[in-house]
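So that you can map any letter, position 191 of the sequence shown is 191 in the numbering used here, and since no number is skipped, the others follow by simple counting.
Keep in mind that a hint or two might mislead.
[Stated by the list, open to error] With a Cα cut of at most 20 Å, we get these calculated SDA-like pairs of lysine to any residue:
#, residue 1, residue 2
1, Lys-38, Thr-188
2, Lys-38, Glu-48
3, Lys-74, Arg-62
4, Lys-74, Arg-49
5, Lys-38, His-196
6, Lys-195, Glu-19
7, Lys-38, Gly-105
8, Lys-38, Pro-192
[Unchecked claim] Here are the computed distance ranges between Cβ atoms for each label pair:
#, residue 1, residue 2, range
9, Phe-78, Lys-195, 31 to 37 Å
10, Glu-86, Val-159, 34 to 40 Å
11, Ala-131, Asp-79, 26 to 32 Å
12, Asp-127, Ala-185, 31 to 37 Å
13, Ser-134, His-44, 17 to 23 Å
14, Ala-185, Gly-54, 32 to 38 Å
The hints are simulated quantities; they were obtained by calculation from the structure and are not laboratory data.
Even glycine gets a Cβ: it sits at the ideal position worked out from N, Cα and C.
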Amino acid sequence: MTNSLPSLRRGPATRAQKETFIVFLERGLPEAYLQWVKTALGHHQITERYPEVGEPPVDQVRRAVRAGRDARAKGSEFDHLWCWFEGMSQSGLHQLRASSTRRVGLAASDPGIELWLLLHFQEMPNDVDSAGISGALQTHLSDPERDVVEGALEGRFAVAAERARRLGTVGASTNLYDFVERVIASFTAFDPGGKHRI
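Build the full structure now, drawing on both the sequences and the hints.
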(Lines of atoms letter the chains of each structure in order from A and count residues from 1; the text may use other names and numbers.)
(Lines give C-alpha, C1' and ligand atoms only; values in the text may rest on other atoms or scores of the structure.)
Protein backbone atom coordinates (compact mmCIF):
# COMPACT_ATOMS: atom_id res chain seq x y z
CA MET A 1 0.00 0.00 0.00
CA THR A 2 1.41 3.40 -1.01
CA ASN A 3 1.11 6.48 1.09
CA SER A 4 -0.86 9.12 -0.83
CA LEU A 5 -0.44 11.89 1.72
CA PRO A 6 1.57 14.92 0.58
CA SER A 7 4.99 15.39 2.07
CA LEU A 8 5.19 18.06 4.77
CA ARG A 9 8.94 18.40 4.42
CA ARG A 10 10.12 21.88 3.52
CA GLY A 11 12.11 22.45 0.38
CA PRO A 12 15.22 24.61 0.30
CA ALA A 13 14.79 28.33 0.82
CA THR A 14 14.60 30.33 -2.39
CA ARG A 15 15.50 33.85 -1.27
CA ALA A 16 17.19 36.02 -3.90
CA GLN A 17 20.80 36.90 -3.21
CA LYS A 18 21.82 40.51 -2.76
CA GLU A 19 23.51 41.76 -5.87
CA THR A 20 27.13 42.77 -5.53
CA PHE A 21 28.61 46.03 -6.79
CA ILE A 22 32.08 47.41 -7.49
CA VAL A 23 32.04 51.22 -7.54
CA PHE A 24 34.85 53.49 -8.72
CA LEU A 25 34.49 56.91 -7.05
CA GLU A 26 36.47 59.75 -5.56
CA ARG A 27 37.34 59.88 -1.88
CA GLY A 28 35.74 62.41 0.44
CA LEU A 29 32.09 63.34 0.08
CA PRO A 30 31.26 60.75 -2.64
CA GLU A 31 32.76 58.06 -0.41
CA ALA A 32 30.75 59.31 2.61
CA TYR A 33 27.55 59.23 0.55
CA LEU A 34 28.22 55.66 -0.60
CA GLN A 35 28.86 54.58 2.99
CA TRP A 36 25.51 56.05 3.99
CA VAL A 37 23.71 54.24 1.14
CA LYS A 38 25.28 50.96 2.26
CA THR A 39 24.20 51.55 5.86
CA ALA A 40 20.70 52.83 5.03
CA LEU A 41 20.01 49.78 2.89
CA GLY A 42 21.93 47.26 4.97
CA HIS A 43 23.70 46.46 1.70
CA HIS A 44 27.35 45.83 2.38
CA GLN A 45 28.09 43.95 -0.81
CA ILE A 46 29.42 47.14 -2.37
CA THR A 47 33.18 47.44 -2.81
CA GLU A 48 34.81 50.81 -3.38
CA ARG A 49 37.70 51.42 -5.73
CA TYR A 50 39.37 54.76 -6.31
CA PRO A 51 40.67 56.36 -9.52
CA GLU A 52 44.26 57.38 -9.98
CA VAL A 53 44.88 61.11 -9.52
CA GLY A 54 44.19 62.87 -12.81
CA GLU A 55 42.97 59.67 -14.49
CA PRO A 56 40.76 60.54 -17.49
CA PRO A 57 37.19 59.18 -17.29
CA VAL A 58 37.62 56.84 -20.24
CA ASP A 59 40.64 55.28 -18.49
CA GLN A 60 38.60 54.90 -15.28
CA VAL A 61 35.97 52.98 -17.22
CA ARG A 62 38.64 50.77 -18.81
CA ARG A 63 40.14 50.14 -15.37
CA ALA A 64 36.70 49.22 -14.05
CA VAL A 65 36.28 46.68 -16.86
CA ARG A 66 39.73 45.22 -16.08
CA ALA A 67 38.87 45.09 -12.37
CA GLY A 68 35.72 43.18 -13.23
CA ARG A 69 37.66 40.70 -15.36
CA ASP A 70 40.26 40.30 -12.60
CA ALA A 71 37.57 39.74 -9.96
CA ARG A 72 35.90 37.06 -12.07
CA ALA A 73 39.26 35.40 -12.80
CA LYS A 74 39.84 35.14 -9.04
CA GLY A 75 36.39 33.62 -8.54
CA SER A 76 34.79 36.76 -7.09
CA GLU A 77 31.39 37.17 -8.59
CA PHE A 78 29.74 40.58 -8.82
CA ASP A 79 26.68 41.87 -10.59
CA HIS A 80 27.42 45.51 -11.33
CA LEU A 81 30.37 47.77 -12.11
CA TRP A 82 29.84 51.51 -11.69
CA CYS A 83 31.93 54.64 -12.16
CA TRP A 84 30.91 57.93 -10.53
CA PHE A 85 32.27 61.17 -11.94
CA GLU A 86 32.49 64.60 -10.35
CA GLY A 87 32.26 67.66 -12.57
CA MET A 88 31.16 65.79 -15.70
CA SER A 89 28.14 67.10 -17.56
CA GLN A 90 25.38 64.76 -18.65
CA SER A 91 26.34 65.41 -22.28
CA GLY A 92 29.93 64.41 -21.41
CA LEU A 93 28.56 61.33 -19.70
CA HIS A 94 26.50 60.53 -22.80
CA GLN A 95 29.62 60.78 -24.98
CA LEU A 96 31.55 58.55 -22.58
CA ARG A 97 28.70 56.05 -22.56
CA ALA A 98 28.66 56.00 -26.38
CA SER A 99 32.42 55.37 -26.56
CA SER A 100 32.68 52.77 -23.81
CA THR A 101 31.20 49.50 -22.77
CA ARG A 102 27.66 49.00 -21.54
CA ARG A 103 29.01 46.68 -18.84
CA VAL A 104 29.79 49.68 -16.62
CA GLY A 105 27.08 51.87 -15.10
CA LEU A 106 27.96 55.55 -15.25
CA ALA A 107 26.85 58.32 -12.92
CA ALA A 108 27.91 61.95 -12.95
CA SER A 109 27.22 65.08 -10.96
CA ASP A 110 28.01 68.48 -12.43
CA PRO A 111 29.48 70.52 -10.88
CA GLY A 112 29.82 67.90 -8.10
CA ILE A 113 28.06 65.57 -5.67
CA GLU A 114 27.07 68.59 -3.57
CA LEU A 115 24.31 69.22 -6.14
CA TRP A 116 22.92 65.71 -5.58
CA LEU A 117 22.97 66.18 -1.82
CA LEU A 118 21.32 69.60 -2.04
CA LEU A 119 18.47 68.18 -4.14
CA HIS A 120 17.49 66.14 -1.08
CA PHE A 121 16.47 69.43 0.54
CA GLN A 122 15.46 71.88 -2.18
CA GLU A 123 14.97 72.54 -5.89
CA MET A 124 17.89 74.08 -7.76
CA PRO A 125 17.99 75.79 -11.15
CA ASN A 126 20.29 74.17 -13.68
CA ASP A 127 22.19 77.45 -14.18
CA VAL A 128 23.57 77.43 -10.62
CA ASP A 129 27.32 77.35 -10.11
CA SER A 130 29.48 75.47 -7.63
CA ALA A 131 29.63 78.38 -5.15
CA GLY A 132 25.83 78.73 -5.16
CA ILE A 133 25.41 75.02 -4.51
CA SER A 134 27.97 74.97 -1.69
CA GLY A 135 26.38 77.99 -0.01
CA ALA A 136 22.89 76.54 -0.23
CA LEU A 137 24.08 73.14 1.00
CA GLN A 138 25.61 74.74 4.11
CA THR A 139 22.11 75.86 5.19
CA HIS A 140 21.11 72.19 5.41
CA LEU A 141 24.36 70.38 6.25
CA SER A 142 26.93 72.24 8.35
CA ASP A 143 29.49 69.43 7.88
CA PRO A 144 28.37 67.51 4.76
CA GLU A 145 30.61 64.44 5.18
CA ARG A 146 29.67 63.96 8.83
CA ASP A 147 25.99 64.87 8.38
CA VAL A 148 25.55 62.49 5.43
CA VAL A 149 27.12 59.59 7.31
CA GLU A 150 24.89 60.36 10.31
CA GLY A 151 21.73 60.05 8.18
CA ALA A 152 20.70 63.63 7.38
CA LEU A 153 19.36 62.45 3.99
CA GLU A 154 17.12 59.74 5.42
CA GLY A 155 13.75 59.45 3.68
CA ARG A 156 14.56 62.14 1.09
CA PHE A 157 15.71 60.06 -1.90
CA ALA A 158 12.47 59.98 -3.94
CA VAL A 159 12.13 63.77 -3.85
CA ALA A 160 15.82 64.25 -4.72
CA ALA A 161 15.56 61.85 -7.68
CA GLU A 162 12.51 63.66 -9.02
CA ARG A 163 14.24 67.04 -8.68
CA ALA A 164 17.33 65.67 -10.45
CA ARG A 165 15.23 64.35 -13.33
CA ARG A 166 13.62 67.78 -13.74
CA LEU A 167 17.05 69.43 -14.05
CA GLY A 168 17.56 67.70 -17.38
CA THR A 169 20.92 67.37 -19.05
CA VAL A 170 22.01 70.97 -19.67
CA GLY A 171 23.86 72.91 -16.97
CA ALA A 172 23.96 71.65 -13.39
CA SER A 173 22.80 68.04 -13.44
CA THR A 174 23.16 64.63 -11.84
CA ASN A 175 22.05 61.08 -12.48
CA LEU A 176 23.39 59.54 -9.28
CA TYR A 177 19.84 58.38 -8.60
CA ASP A 178 20.36 55.71 -11.32
CA PHE A 179 22.91 53.97 -9.10
CA VAL A 180 20.82 54.32 -5.93
CA GLU A 181 17.72 52.96 -7.71
CA ARG A 182 19.74 49.90 -8.82
CA VAL A 183 20.86 49.26 -5.22
CA ILE A 184 17.30 49.75 -3.93
CA ALA A 185 16.08 47.22 -6.52
CA SER A 186 18.69 44.76 -5.24
CA PHE A 187 17.54 45.36 -1.66
CA THR A 188 13.88 44.89 -2.64
CA ALA A 189 14.58 41.64 -4.52
CA PHE A 190 16.49 40.33 -1.51
CA ASP A 191 13.91 41.46 1.07
CA PRO A 192 10.50 42.11 -0.52
CA GLY A 193 8.54 44.38 1.79
CA GLY A 194 11.68 45.21 3.76
CA LYS A 195 12.09 48.72 5.11
CA HIS A 196 15.05 50.91 4.29
CA ARG A 197 16.06 54.43 5.27
CA ILE A 198 16.80 55.85 1.84
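Contradicted hints - numbers only: 9, 10, 11, 13
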